[in-house]
Every structure is written in structure tokens, then in C-alpha cells.
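Engineer: Chain by chain, the residues:
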Amino acid sequence: MIEAKNLKKHFKSRGKTVEALKGISFTARDGEVFGLLGPNGAGKTTTLRILSTMLSPTGGTAIVEGHDILKEKAAIRWEIGFLSTETGLYDRLTPDDTLKFFGKLAGMEAADIAKRADYLFEKLDLKKDRKRLISGFSTGMKQKVSIARALVHNPSVIVFDEPTNGLDVLTAKTVTDFLKEMRNEGKTVIISTHILSVVEKICDRFVIIDRGSIVAEGTLPELLKKYEAAELEDVFFRLVPERRDA
Amino acid sequence: MNNILTIFQKEFKVFLRDRRTLFMIFVVPIVFYPLMFNVIGHFSSKNRNELKTTTFKVYLAPSVPVEFQQHFPEDAHIRVLETVSGDPETLLQDNKIQAVVTMADSLEIHYLSSERTSRTVAARLQKTAESYRDAVVTIRLKAAGLDEIAIRPFKIERKDVASKAKVSGMFLGRILPYMIIIMLFSGAMGFGLEASTGEKEKGTIATLLVSQASRSQIVLGKLLYVVAIEFLYGVLNVIGFVVAIGLQASTIEPGMAKKAGEAAAAGSGFAFSIMPQTFLLLLLLILPIALIAAALIIAIGSYAKSMKEGQTLFTPLLMLFILIGIISMTAPLKIPEYYFWIPVVNTSFSMQELLTFKFQFGHFLSTMLTTTGAAGVIIAITIWMFNRESIHFRS
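Top to bottom, those sequences are chains A and Z. Heads up, the first sequence is in my numbering, so the first residue is 1 and it goes up one at a time. Heads up, the second sequence is in my numbering, so the first residue is 1 and it goes up one at a time.
Hint data in this document are derived by calculation from the structure and do not stem from the laboratory. As the structure is a prediction and not an experimental result, all values here were calculated from the model. Be careful, since some hints might not be right.
[Said to hold, decoys possible] Within a straight-line C-alpha distance of at most 25 Å, the following computed DMTMM-like cross-link-like pairs (lysine to aspartate or glutamate) qualify:
| id | chain 1 | residue 1 | chain 2 | residue 2 |
| --- | --- | --- | --- | --- |
| 1 | Z | K202 | A | D97 |
| 2 | A | K73 | Z | E389 |
| 3 | A | K73 | A | E32 |
With the sequences and hints as input, model every part of the structure.
Structural biologist: Below, the structure written as C-alpha cells:
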């Protein structure tokens, strides 16, 4: 479970202070896919980077699987599998090498890494390419390897930043199906996206973020009802421009 | 420690799979240096042969006695011009003639130091003039009823008693510290940037930062890799350079390189004169500066947003270390004691002492202490920088 409590983040850029997060709170429960929906620059990536201990919040905190992100960063890294917006892979390694590298960093035994790699490559349809150099892979294949890399140590919390970004329909479906499967295994899955259909298809609950603040939170039916809208797109365009005009 | 080794192994695996890098590391030193010295040797030899057969035009003023010409060396290839159309000095300036000889109170040889042909003929004319002067002295002594021994009671001969190993040691002592420092820093720049800024460019830094490796472990793993590659790069380049000089010594201009080459060919030269303990001490001296180079490049590489920015930021430092290398090549006759307390500078001079058989334990110790201390401080700063999120997510 993830519990974000009044998370704030300020960046200093060329003498100016930029408020990336203005105090956001939400809870992502075990066995659900939780979404952060928002336009570019809304603060989605910053939130996920804070939850994965890459960045420290300027204010507030978050509890990930019972560990405070301010005090127990090392413990949190054992619990989470993080996927960044970039594929983040080494071109001159094979998928096998990649999983071995990150598995070893996670303190796994060679046999356990091999077993986990077999499972993940089977699930993600990478078995026949596992010994090829990643430099020759398509974007979709790279994304699958990135997912396998993030999950090699079998984390209980999955933090994926824009997981379907730039993928073709088939690969995007493989990824979303896989996320659903993770949810069914009881893991906490939190994703960020600016694609409304992704939220509609896989998110059990979600928040809409704009300019570092949460402007709406709930399930899809709850928000459609609250804003008397037929589609998520209507809700999104009503909330985001309203804040821009403010 | 396991994570440090895991990161080191990963970096090394990536390095071994890069064919271009492998070519640069292994093939270039073995092919480039012998080729470079071959080309230099070829042109140097060709120029010497050309000079041997070229006939030089020299204008002798009417005041120069006719006997002067009898003292030209046999292979002087000098064509004497007794009359010229125009001013001889102007013709010399235009390199139409290569020298002008006049005689009043003194015999003057006018030549152009900017022209190789003029320099060569001036040297031959100098010998001619000395021979002519000796002949005049002999005639005058005879006329006075004196023996030549009255003004030349003994001959003067110089004999070099330095062993071949010492000669080559002097040569290596001058050139190797410079080469080692340059190779370590230029090697660090290429591979260190790839290992640090390269993570940002490839977008892999985020995944590494959220892995179970601490940031200190990441820095130390990369540091270990860069130091290993620096050693490999440095050693292969130095070996390639030394072997190329040894092989081509005979074709290079006579002098230091030739002596060093002869020493190597005789089997007691620089290639074989480095004793195991000297080699070990040399490696010990190199290690702290290799660490300094690696730590600096990782610090800069972690800060830089792109390889280009990293290169721009590291270049002034590289220039500084090149300057330190040059200082070691132009060392004063007596090296001041405080030089041995300046990190990196002292490494260069201690290497020089080691290679020229003037090893002093005190200097070695002060070098190791100060340079290792400096390396420790720079590594600590690098780790501190790497722990700052603003370094990784600079906007």
C-alpha cells in the first residue's frame, strides 16, 4: 500500500522556485491499479520519483509498504519495481544480462534470477530474444525488457511512469494485461499517464493532477456521476482548463 | 562490496562489447605508434640523404684567401661562387645562395637559421674555417721555430661512461611521467564520461538510482571500472610508444632516441631495465592519480547533462594536467623539496626519480601520502555530489 501525505516538492531553476507539487495526498491500496492522470508538467513523474525514493519531498511524506520515504529509503527500494518514462536499458546487454545485473543488485541468487527471468520472459513473450543485444530491439520490445527488469526481484509495489507511452496497440495491450495480472496477484500498482483510455481500461481508482495539485479523485463511475459526464474526457477537460483559468 | 563489483562487471561487459572502443584501446597503440615513428623515421632519413647529396651554393668574398677552399670536407658538396649577379646578402635572404663568407679581422659565415640547407652548409663551413685556422697556426708556428704541441699540449676527448640502462632511464624518466599523466586523464575522459553522463543520455540513471545499490556503491563501482580502463589504456599506449621508439630508433635523428633505441636493442635498455620492484613502485605511484582522474571525471560526468557538456567541463582540467606533465619534462636541475608535497606534480617527479635510478624513499612517501589524500578528498566530494538529487535532475 502507498499512502501519500501532503507531498510537496519545490525545484530551484535559474534563481526561481518552481512548485512542482503543492501538497498532494492519496492512497493506493493493495490489489488495485491506481492512476495519476494529468497533462505534461502536472507533477505525475515528480510524484512517482518521490515514491520510489529518487527524489526527496520538500514537505510531507509517504508511506510505502509501511516504510517512511524520508527515513527508510533502502527498505522501500526492496519493495518497489520502478519503470521510468525512458526505457532505461543498456544497449550492449542482452535481456538476460539486464535481469542478472539488476537481480544481483537486489541481492538475489543466480538460480533465483534465472527462474524469475524464465517466468517474466515467458509472460512478456521475450523468450526467443533473451540472448540478443538490446540495441537491435524495437521500442515495444525494449519496454517489455524494462518491465521485466523492474519486476525481477518480485516487488510488492509497482511504480510505472507512462508505461504505454510510444507503444503500438499490441504491445500496449500486453503491458496493460500484465499490469492487471499484477493487480490480481495482490500487488499495489501505481501508474502515471496522460492517455485517458489507459485510465478507463485498467485503473480501479485514479486522481487527476494539474499544476501540482489533485483536482479530482475516485473511480471512473464516481467521477462521471459527480461531474454529470458521459466520458472521462469531458471530466478531464472540465477540470483542467478550469484550473488554468484560475 | 558485492554491488560495487556487480556495477564494475556490468561496465566492463558493456566495454568489451563495444568494438569501436576495443579498436581504440588495443589496435591504435600497437598500430599507430609504430606507424607514426615509421613515417617520422622515413622522412627524417630521406631528408638526411637529400642533404648529403645536395650541392650548396656559397659566395666567397674576394677577401677570403684561396687556401680556404682547400679545407672543404670531401663530401661538402659546396659550389663556390666568386661572382654573383646582385647583392650577395639579398641573394642569401632569398635563399638563392645558402651562405656568404667574408674575411676582415674575423672570418664571418653569414647564413639563414630559418633554412635547413643554409644551416647545414654553415656547419660545414664552420668546420672548414677551423681546419683552415689550424693550418695557418701550424705554418706560423713552424715559421717561428715552434712545435704545434706548444699551443696544444694535450687532446680533449669526451667519453660517455653512463650505462645503457641509465641512458634509457634518463630518456624514459623525462617522457614517461608526461605520457602516463596524459594517458590516464585522456583515457578517463573517454571512458569515465560514457560511464557517468552516458547513463543520463541513455536514460538508465533513474533505474540505477532506484536499484538496491546505494549511491556510494554506484560511484565506487564506476570508479573501479574507470581506473581499470585507465590502467589498460595507459599501459597499452606507453608500451606501444616505447616499443615503437625502440624499433625506429635507428631511423630517427641521431640523439637521445637513438641512444635509447640502442640500449633497448642491446637487451639492457629501457624495455628490460625496469626491475620488478621499480615496476611495482611505479604502479603504486600511478594508482592515486588514476583515482583522482576517475573521481574527477565521474563528478563532472554526473553533473553534465550531455557528453558534450562533460567534455567541455573536463577539458580545462585536462589542460591543467597536461601542463603538470610538461613541467616534469622541463624539470629544474635541482628539484625543490616542496615540489614533492604538491599532489600529482610530485607523482611526476617521483616517477622521474624512480626511472633515473635516483629513488628517494622520503619523496616517494610524501608523494603517496599527499596524492592518496587528495584522491580520497576528491572521491568523497564525488560521492557527496552523487548523493545530491539536483545533480541527476538538473533543469
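Engineer: All hints are to be evaluated individually against the structure, with a verdict given for each.
Structural biologist: Status of each hint after checking the structure:
Only pairs whose Cα atoms come within 25 Å are accepted, and Z:K202 paired with A:D97 is accepted, the gap being roughly 17 Å. The straight-line distance between the Cα atoms of A:K73 and Z:E389 is roughly 14 Å, inside the 25 Å bound, and the hint therefore holds. Of the supplied pair hints, the one linking A:K73 and A:E32 holds, its CA atoms being roughly 23 Å apart against a limit of 25 Å.
Hint compliance for this structure: no hint is broken.
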